[in-house]
Amino acid sequence: MHWSFYIVAGLTIGSAIAAMSLRNIVHCALLLTITFAGLALLYLQLNAQFIALAQILIYIGAVAILIVFAILLTRGSDAAPASTRPLRGIACGVVIAIAAFATLARAIGSSAAIRQTSPAAQTATVRQIGQELMKNYIVPLEIVALLLTAALIGAAVIALQERRRSE
Amino acid sequence: MISILLSIIPIIAVFPLLFAITTLLERKGLGRIQNRYGPNRVGPYGLLQPIADGIKMLIKEDIVPRSADWVVHFLAPIALLVPVLLSFSVLPLGRNMAAIDLDGGLLFFFAVGAATELAVFMAGWSSRNKYSLLGAMRAIAQMISYEVPLVLSAIPVVMLTGTLSLTTIVNQQAQFVHGIGSWNLFTPWGLAGAALFLVAATAESNRTPFDIPEAESEIIAGYLTEYSGFKYALFFLGEYLGLFALSSLGVTLFLGGWSAPLVFLDWFPSWGWFFLKLFAMIAFFIWTRGTLPRLRSDQLLRFSWKFMLPMCLINLLVAGLWQYSTTWAVPGAPLLRWVICLVLIAVPYVALARVIEPKVSKRVYRYAA
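These protein sequence lines are chains A and B, in that order. Position one of the first sequence corresponds to residue 112 (my numbering), numbered consecutively onward. Position one of the second sequence corresponds to residue 393 (my numbering), numbered consecutively onward.
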């Protein structure tokens with residue numbers, strides 16, 4: 112492993128831990144953005160250029176902004192009142208985290224995909240990805256597009272109803 | 393190592409210098425438009441004004457409000473400037489003069505540009521000032537709305553060139569047909585795309601008539617209200633560099649990048665052509681700033697979603713038609729496809745403009761007599 116991997120990995124994990132543990136929720140959202148950026152850098156190191164750029168465009172450009180907007184529109188910019196964390200809650204969280212990690216590790220470790228010797232790393236060009244999407248995977252792509260359109264229209268309908276009720 | 397430095401240093405040196413020149417040109421140009429002289433005291437013809445401004449900004453007191461979140465307040469100008477500088481790395485500034493030739497260069501440009509919205513939010517939120525927050529919210533709403541037409545107006549170029557690499561996009565435009573460069577601007581979809589791109593770029597870089605986030609008469613200076621001294625200068629720099637980056641992208645996508653317009657002008661250095669075109673774009677932006685009044689926030693958002701977006705989608709269809717009509721074997725086909733494509737753009741343009749025009753009603757003031 113290259114030393115730059117450890118820098119990026121440290122940054123990603125560190126910002127993720129900070130995003131969980133800080134009190135000020137806007138700080139948490141901003142740190143989560145650093146986690147997203149770290150993930151994008153990790154994809155870049157894996158020669159997955161398209162995924163990395165899409166990760167930046169979608170998660171930093173859209174999802175982070177959405178989170179921030181949601182925070183500001185629902186609870187204002189003030190810091191949430193300090194809540195006491197019961198010990199039982201922390202214990203539950205730790206148990207659940209360990210269980211989830213163990214399940215995932217077991218599933219990934221025993222899967223057939225990991226046994227295959229990985230072929231020589233090749234970079235998929237954007238052109239290849241586009242042609243695959245438009246030829247082999249055209250039906251899933253269209254279904255996803257339809258689903259997203261339906262969700263968009265649904266959101267608009269709900270928003271319209273709320274406005275009518277408030278008037 | 394040396395090649396890395398050779399690609400980074402020109403970007404960091406040239407574009408901030410261009411920023412200094414542009415501030416002077418802008419103040420001079422705006423002065424002339426408003427029938428006054430503009431800066432003319434520092435140096436001959438006021439040429440040294442940017443240096444004086446720079447020194448003033450450097451030695452000014454840096455004031456941070458007591459209730460501000462100082463870490464985020466400090467990081468916001470940096471978070472704005474760094475992505476903008478990064479976006480210059482994929483732009484071909486001349487023949488073989490792109491710092492990195494990424495396979496997905498255009499995607500990189502837009503991905504990095506999307507990160508600036510968060511910087512604006514950081515600035516507005518950390519200042520703990522209602523005007524800052526209002527300005528930031530306005531800016532983000534505007535940037536998100538206009539990012540959609542901005543990206544969609546660039547997509548026809550990707551469709552017809554079949555690549556996201558900006559270097560390849562320019563190389564395809566740098567060929568001469570009958571002595572004239574084959575720029576994308578000289579096609580119907582390119583013409584419409586360039587116009588849409590220009591409007592979206594103006595809104596994306598918060599320039600008049602879309603400078604509502606910084607409307608002095610309503611919300612002081614928007615998210616810049618609590619910034620002073622060099623942090624303010626950094627914001628200013630970031631904003632102008634963003635404008636240059638978007639202008640450069642427009643030049644790259646539609647105006648043939650570094651290529652000459654006519655074949656006998658090809659002796660002029662390629663980077664010279666690039667910067668000439670860039671200066672033409674900047675002159676256009678200064679001109680619009682001097683002549684157009686500011687819009688209202690709702691007008692601006694309505695214009696984006698109800699006019700720009702449908703026009704961009706129609707332009708996509710026109711680009712598709714243009715691509716498939718290259719094989720037409722009818723006599724007079726070149727003229728025919730031009731006319732058909734132009735009609736397909738012009739009719740929806742006029743119709744949409746009629747439809748979205750708001751009915752004029754008596755204005756009701758809620759909080760004023």
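What the hints contain is simulated information worked out from the structure, not anything from laboratory work. All figures in this text were calculated on a predicted structure; none of them were measured in a lab. Idealized CB from N, CA, C, for every residue including glycine. Just to be clear, a hint being listed does not mean it is correct.
To be verified - Here are some, though not all, of the chain B residues that point toward chain A, as calculated from beta-carbon distances under 10 Å:
hint : residue
1    : Thr415
2    : Val504
3    : Leu552
4    : Val747
To be verified - Residues from chain A that face chain B, not an exhaustive set, calculated with beta carbons under 8 Å:
hint : residue
5    : Ile162
6    : Leu164
7    : Ile167
Here's how the hints hold up against the structure:
1. Annotation: interface hint on Thr415/B violated; nearest CB of chain A at approximately 29 Å, more than 10 Å.
2. A distance limit of 10 Å between C-beta atoms decides the matter here; for Val504/B the minimum to chain A is near 7 Å, and the interface restraint holds.
3. Look at Leu552/B: its Cβ only gets to about 14 Å from chain A, farther than 10 Å, so that hint breaks.
4. Among the interface hints, the one on Val747/B is violated; its C-beta lies about 19 Å from the nearest C-beta in chain A, farther than the 10 Å criterion.
5. Here the hint on Ile162/A is broken, as its CB sits about 10 Å from the closest CB of chain B, past 8 Å.
6. Interface hint at Leu164/A: satisfied, since its Cβ lies 5 Å from the closest Cβ of chain B, which is below the 8 Å cut-off.
7. Checking Ile167/A against chain B by beta carbon gives a least distance of about 4 Å; that is within 8 Å, so the hint holds.
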